[in-house]
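Trainee: Heads up: the protein sequence lines correspond to chains A and B, in order.
Numbers 1 to 512, taken from this note's numbering, label the letters of the first sequence in order.
Numbers 1001 to 1647, taken from this note's numbering, label the letters of the second sequence in order.
For the record, the hints were derived by calculation from the structure and aren't laboratory data.
Quick reminder that beta carbons are idealized off the backbone N, C-alpha and C, glycines included.
One or more hints might be untrue.
[To be verified] Label pairs and their in silico Cβ distance ranges:
#1 Arg1214(B) <-> Glu143(A): 32 to 42 Å
#2 Glu90(A) <-> Ser1037(B): 42 to 52 Å
#3 Glu90(A) <-> Val1101(B): 55 to 65 Å
#4 Asn324(A) <-> Leu1314(B): 36 to 46 Å
#5 Leu1314(B) <-> Glu143(A): 35 to 45 Å
#6 Ala1097(B) <-> Arg363(A): 56 to 66 Å
#7 Met114(A) <-> Ile1132(B): 28 to 38 Å
What follows is the residue order along each chain.
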Amino acid sequence: MSNADELLRIEGIRKTFPGVVALDGVDFDLRRGEVHVLLGENGAGKSTLIKMLSGAYTPDAGRILADGREVRIGGAQDSERLGIATIYQEFNLVPDLTVAENIFLGRQPRRFGMIDRKRMEADAEVLLARVGVDVSPRARVRELGIARLQMVEIAKALSLDARVLIMDEPTAVLTSEEVDRLFAIVRRLRAEGVGIVFITHHLEEIAALGDRVTVIRDGRSVGQVPASTPEDELVRLMVGRSIEQQYPRERPETGTALLKVEGLTRDGVFHDVSFEVRAGEVVGIAGLVGAGRTEVARAVFGADPYDAGSVRVGDVPLRRHDVNAAMAAGIGLVPEDRKGQGLVLDASVEENLGLVTLRSATRAGLVDLKRQREAAARIAGQLGVRMAGLGQHVRTLSGGNQQKVVIGKWLLADTRVLILDEPTRGIDVGAKVEIYQLVNELTAQGAAVLMISSDLPEVLGMSDRVLVMAQGRIAGELAAGDATQDAVMALAVSTPAGSTNHSNGTEAPGGH
Amino acid sequence: MATDTLKSRPGAAGGLRRLLLDNGALTALVVLVIAMSALSGDFLTADNLLNVGVQAAVTAILAFGVTFVIVSAGIDLSVGSVAALSATVLAWSATEAGVPVALAVVLAVATGVACGLVNGFLISYGKLPPFIATLAMLSVARGLSLVVSQGSPIAFPDSVSHLGDTLGGWLPVPVLVMVAMGLITALVLGRTYIGRSMYAIGGNEEAARLSGLRVKRHKLAIYALSGLFAAAAGIVLAARLSSAQPQAAQGYELDAIAAVVIGGASLAGGTGKASGTLIGALILAVLRNGLNLLSVSAFWQQVVIGVVIALAVLLDTVRRKAGATPAAAGTGQGGRGRQAVTYVVAAVVAVAVVGATSLLHGGDPAGKERKIGLSLSTLNNPFFVQIRAGAEQEAEKRGVDLTVTDAQNDASQQANQLQNFTSEGLGAIVVNPVDSDAAGPSVRSANKADIPVIAVDRGVGKADTAALVASDNVEGGRMGARALAEKLGGKGTIVILQGQAGTSASRERGAGFAEGLRAYPGIEVVAKQPADFDRTKGLDVMTNLLQAHPDIDGVFAENDEMALGAIKALGAKAGRSVQVVGFDGTPDGLKAVEAGTLYASVAQVPKELGRIAVDNALRAADGERVEELVKVPVKVVTKENVAGFGG
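Isolated chain B (complex conformation) (with noise of 0.2 Å):
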């Protein structure tokens, strides 16, 4: 058998090529860094490597935790939930119910444990597959921190913040405790009895089970070591931002699966080490560093950054394919050719990252004093895609770089882009809160860069900014009612579409238009839900709402997005028995307003808000006085008036 031939291999060539393998997601880490290194100026820097280090920091401690699941070849996509609710409860007990802060951080972390629990209970004794039982988790978890913090963000207690902050002034803790975590990562897998039992049970489970390891217990203590780590992922990842966010961490499960795997772990069990995970995790994270150094357009990073993780995990295929099995590549080159071949995809890995971001590099390096950032909390909705587009009008007409990027509703992400626009010293940064508080420590960190921040839509909590630039959303709100009241002739039951629970937008629009509905006591509001501000889920929720409630008279919609969903919803219906009002005055929502099926949009001027938060930012940057607030008007617009506002 040609595979048993193998044994007659010198031990020295052996040792060698593992050392090869156990390096292959490294030679991909150190491709990168070499390729931005040579693309960008400000990607070499020691304030900027740590700024990578801090920013890789939550996503290895989930990875970390990840990574003993998936070496006992399981799977959990609960991380980011359990993260979040981990980091709510801390924030809830130490602030609302006024437990004392290490009493709130044991329950944190208590938190985490239990969810893995019950993970690791439902797959051992429930026998429901891994991917199942987490994604109910996934769910549950994410609803329980809503739950807990009722929709907005908890101010995080600010001993426990300091876990956000640098120790000696330059040392971010993250960072240290993401080293640690790894360290202990590293011991348990290599060195502990739960941690030598993961790879046998990942690698053979029967044969585990029948060699006398307990595998149904191992499993559970596998998945609640997963949630330990998620539960100190959430906790760093609240601590930097000051503020525990229901809905932080979305998604990042991926991001842990993503770095285990990049990091030569195999889905199928039985291999992966801390190291490779770490590395996997850092490769993330300079690739989202340097693509916003490199002002790199928001939506195609989302390209590069996945085709850089399949190219990062084809690169360590094809080494341990050509290293591990020769026998399958069937061909009788020596080992000379195959790294040839490893060689060959490195560089093309090199090639397609250079190429790729250089071709997409936006920016123009010729004003580069005159350089500006712009951080949107998304581009997913037209509403801010307006706002790109005036800000890009007006950096263009006064000749300035504008870097824009897209934080994907994501208050870490967009504090680690207002990170980078700080370490590459723009003239001035434009920022569109994902979260009000959540952005209080990197503006602040801006301010002591003596870096001018220009708030646009949504403030900044905790921190100086030069300007905010926004609409007026309390009397917007007030205008919505009174609008939709008067169609409504005073009397009738209502529907209220909220916008995504937290957001400074909502509350204000909420508040002003309860307020503004006090006048209209014939008025009632027999529903209350929240769509997220999104078409999709204002269409579902409306339609949920309609088998309750057939009859209602109006719709009051906290953006423009929603109450399109919402006509959808009502078919027929909108605009003939059932009035709805939107808000933003989107150029969809126009169109539904000439078409009658909106009755009115309480109208920004999202162009209009892009456009003068630019014009401030250049005025603070050039040292000129701005004023702090500067409201840019509403509107509302109905048929009446829809034709003189285009958009």
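The shape of chain A in the complex, shown without the other chains (with noise of 0.2 Å):
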């Protein structure tokens, strides 16, 4: 009945957690040579449905059937016996050992007891060429990129003859060029045979790389199109309705410069950052990952030091290194790393929204515990944060709604200026097009936003002016109407010409 080139089939699988129920009635399959794209909004239940593969979690009801024979995967060791391998946003790498030793962790090649290392290396400098990974096999994790650990992960993955690899959001981290070149990869690994389940909030990407796409939805599958299907008609399947504009932002009169950077250096960092956000603006910055770009929003807002240069808000001037004073001056960060940096992950929401104000609600040291509650439900409510209560742990909201959280915190603390840094980094469509409704109405009441966003076209939809940085300097600004992703990324990978002598962004092409 299934054809030869199956490789795997779900049919009709279940899964209820206590109280809810994840996955209910999905159907799936994959063949050899494809890429087969998972698309659903976060917490549909498509991480619930690899971990299934990865034997994570066993389903309650339906069958699995590998090679048209029903299997049960109870476990990692089950999974890594059919030939399936899973890449999982967050690595599972060791630091401090080498490409090689993370490579075979647990299978090192021995002789006499003792780690043959020289064939380790051998083998795994075979596979990092397959990847096509420029990587020695003697360099530690710890000093790759983020790109390069997952072409590691990759090899490893191909180290485990896997038939069928599993990619979890790969391309959220990447740069474009790293994008591109991780698809090279993908194409070649379905032209040896491989059968891919990626999963993707990009849709341009699905054109871009897929055969087929399974839409997911509320833990049923609602469709199985292919790949060439437009965004539009995804969209729909996936939030079942269609979102009529992806960045619908609303540029109020700008007011006087709120912020104002000058000559901001960290030697061997950044050099020579001037730019400024006048009230009610939106500015973007794009450029490559390790431009620069968070490291200069991290020195704004006194989180770390810098070596020359001056911030000022409105005309108060900051001082260095020094986050309360940023934000008694009415700056806020929502920092690149939500979990790592922006949340307090075993706290309540109602615990984490009122961490900013946490100091001012407080009496002779004792806390106002019934206004912070206070303002914290009413804050949840109008960001329309969707949780059981504002005692749920944060850890166990979706990513948009963990966000929503983050901003929220400043929003509550009367934030004048709020840096957001990769503000939609792994959300889905809805929940996206809500924050940017939310960036929308700081603005209107006469905020600034300066936004660091690796997502092109979102920094195109959003910004008022977009500043690209490229090598720890300005290469530029352009206004909106100009901004281009051909004009963006011409700029991100130009040597500015301060490399040599002083500069600044105003000189920039396409400026004003």
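Both chains are sitting in their own frames, so use the hints and assemble them into the complex.
Mentor: Here it is as structure tokens:
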């Protein structure tokens, strides 16, 4: 009955957790040599589904077939035996071991009980070449960038003779060049006959890479369509309604300059960075990963020191490396690493929302918990945070709702300048639009927003001006009307003039 | 995402789950109390429960302080030492420096806070890992308390000692202090800015910093609070013993950490509550108390305590896993199945406790009216093991039930054990005090209960003992001096290895030796160093001394264990170019005398000590008159007479 090319088939899978149905009647199949995209909002059940395949969960009902035979995947060993390898968003690598050791972790080739380093490194070399990544097997994983970590993960999967490769949002953290390189590898693996399950939130990647798409909504598979399906249709399937506008930016009148940064320099990291953000304005910062965007944002906020330059809010100069001075002046930072820097994951929604205002809500050492709770309830309602209650731990919220909590804590503190670093990374389409609406509301009330993003359509769609950084300098500034993907990328890969002489963003091409 | 779907769970179920989670440690405590009550009729009495409260107090107060640190993802290993230092500072400034008592208390608290601030400073600004910074403070504070007290316990001012008494004749003040500190802890953690910051810092330090919390300053305050609580614990501890002991509260930091973790806090930070910590401390106290009452062998007690700590935390982890992250369990069964798991674990704990204690239950309840207790300072030394052997032989011969406890050289643990003996209503108590003065208050309460107390080897200060059965240490010291000096021909250089600073045995032997040496002006003492009656330390100290004084002619060690350590350090020199004299006449010591490496040992007869002590205890229990001081003679054993001396 099943065709010979079929690697994997899932029929009517159901999985419940106490109180909820995570998956209910999901069908899915994977053929040899195809890229099958799994599409769905956060919380739709994609992760639960792949965890069934990797052996982390077992289904309550339904069947999993591998090569036409029904199988039971009870643990990681089972899935490894079936040739299923999974690359999660959070990599499972040991930072202080070498690349080769990581690839063969637990399976190092041995001779007389000792690890045969030579053979291990030679084998690793072959695998790395197959992935097409230029990394020494002897390099320590700690020293590698995120893209190369991913390549090492892929090499590790290949070393297991994986026939099924599951990739959970592999492009979320990559720059567009790195994405291109990843796609090349995925295409090569596909040509070699590997079946690839690909999870992404970037719709444009589907047409570029995918063969078929299975859309999951609320724990059910709602459709299987070819990858050539138009994006609007995919969005409609995914969210159950059509989203009129992906980037609903409303541009209010801009006022006076709220944030002024002049000549900001940290030796070896960023140089002579100057810009200003006016009231009611969204300024985007684009650039490649490693261009120094996050570093500048953290320095402006006082989280890290800088060597030269100044930061002013209104006309008040801020003390260097002083988060509290920045906060007192009305700056807020929504950091890039939401879980690592933005949230106390095992604390409640209420506690996280009240973090910034904790001090101001304190009288004689005692916190006014009642007022904190009321404020948290008000802001959570206003932002539409979907939760069981204010006492729910934020760890158990979806990415979009977590991000709303991070933004919410700054809204409570009457923030006038909000710095958003990758505000929608890993967040689904529906939640993204809600966050954009929030940005609109903020700027309508006269706040200034500085937004760093590696998602080019987002930068272009939501910014009023775009600054492009390259190699630690501002390579140029583009007005909203002039900013196109090509213009931004051209600047992002340029070598800014300032590398040799002093310059700042105002002399950029395509300026005012 | 599976975890995301939790949000749709009804709030009521979440509340119930939370309640169960918070009560994980409480369940373990209830199980323990039920088990102990079932096993011992003496457990569930008002008196004994108050005892448990008193015995939990010091650990609980220390643990409250440590809770702050652990909630903020740190660790504080220094609290035991800081407690001892604060108490010593109080006692020293009030008695020897003549400072008014109120000011002395302020000084003691300031000392604790200062130690905490140093910890906090090293961690916040010096970027030392908390483990290392507080490990350093553990050593520094202990050393300073020995420096301040010069190694001897200092009597505690009477007005402060009332902190160790009872109110209205029944309500112990330490329990009140514990409850008060617990309430303060709950208030700080739950309601104050610094308390809420602890959770944020422990949960995610970077997020807290980027939200404007002044993390470094908070850490200073957190460790200072821990120091403050340690000072309070130290004062309560010393008040109970009426004496500030420089060696007090050793290893208490681990008890405190255990109490916090048993109470449901995570060493990873971000969780923990005052109520949990209190329950954790009570679990430890109930165990120690119950095991005493059940006459479980001193050695097995430690095993049982370790097992229960592991099981209590395991129980909590299982509950947590079952309740908080259903996804991680990876199985399809519902909440009921997981609750079953919890109950199974609880049952296993109960069975383990009941089984272990009844198995190890040494005594035979038949001779209940003829039941006596022996509290030894330590069993980590053959001398005391011999005392126990003599006592046990005598008890068996006379058909009485003898309970032996091991205070592990900790005066306050001994106080607990004596208190347990008293509340059990034993016929008589034999005590070998860790410290003479510190044993006073607990012996006084035995006096009040009309239980005769026999002291063995060391006397008890400021309390009535029916008899003191002891070797004549001063005379022994003199004899040791004579033996060594004669052997050296009246001239030469020697070193002295001293026993544990502050013990009467060390003081008396040292004094006797110095006295005896006056008759031999040709002998020069070039060094005097403590090696704590311990063989390993004797080896280390001797090795060090040999670097400075390679040409010595003799060694006097205040006990055989240290002498044996010294002999190891001396190697081939021992018995040839260097003569070693020990004290005690332990079996190992006598063997060395036979072998010629140890020139002489001033032999006590520890078995005799134990035997005579039990004999006197039984006579006192029967209302017979006993001698107030029973001197068991000592004898210098050398190669010539060792054959006739089969310890």
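Trainee: It remains to establish, for every hint, whether it holds in the given structure.
Mentor: For each hint, the structure was consulted:
| no. | hint | verdict |
| --- | --- | --- |
| 1 | Arg1214(B) <-> Glu143(A): 32 to 42 Å | 33 Å, holds |
| 2 | Glu90(A) <-> Ser1037(B): 42 to 52 Å | 49 Å, holds |
| 3 | Glu90(A) <-> Val1101(B): 55 to 65 Å | 59 Å, holds |
| 4 | Asn324(A) <-> Leu1314(B): 36 to 46 Å | 43 Å, holds |
| 5 | Leu1314(B) <-> Glu143(A): 35 to 45 Å | 39 Å, holds |
| 6 | Ala1097(B) <-> Arg363(A): 56 to 66 Å | 41 Å, violated |
| 7 | Met114(A) <-> Ile1132(B): 28 to 38 Å | 34 Å, holds |
In this structure, the one hint that does not hold is number 6.
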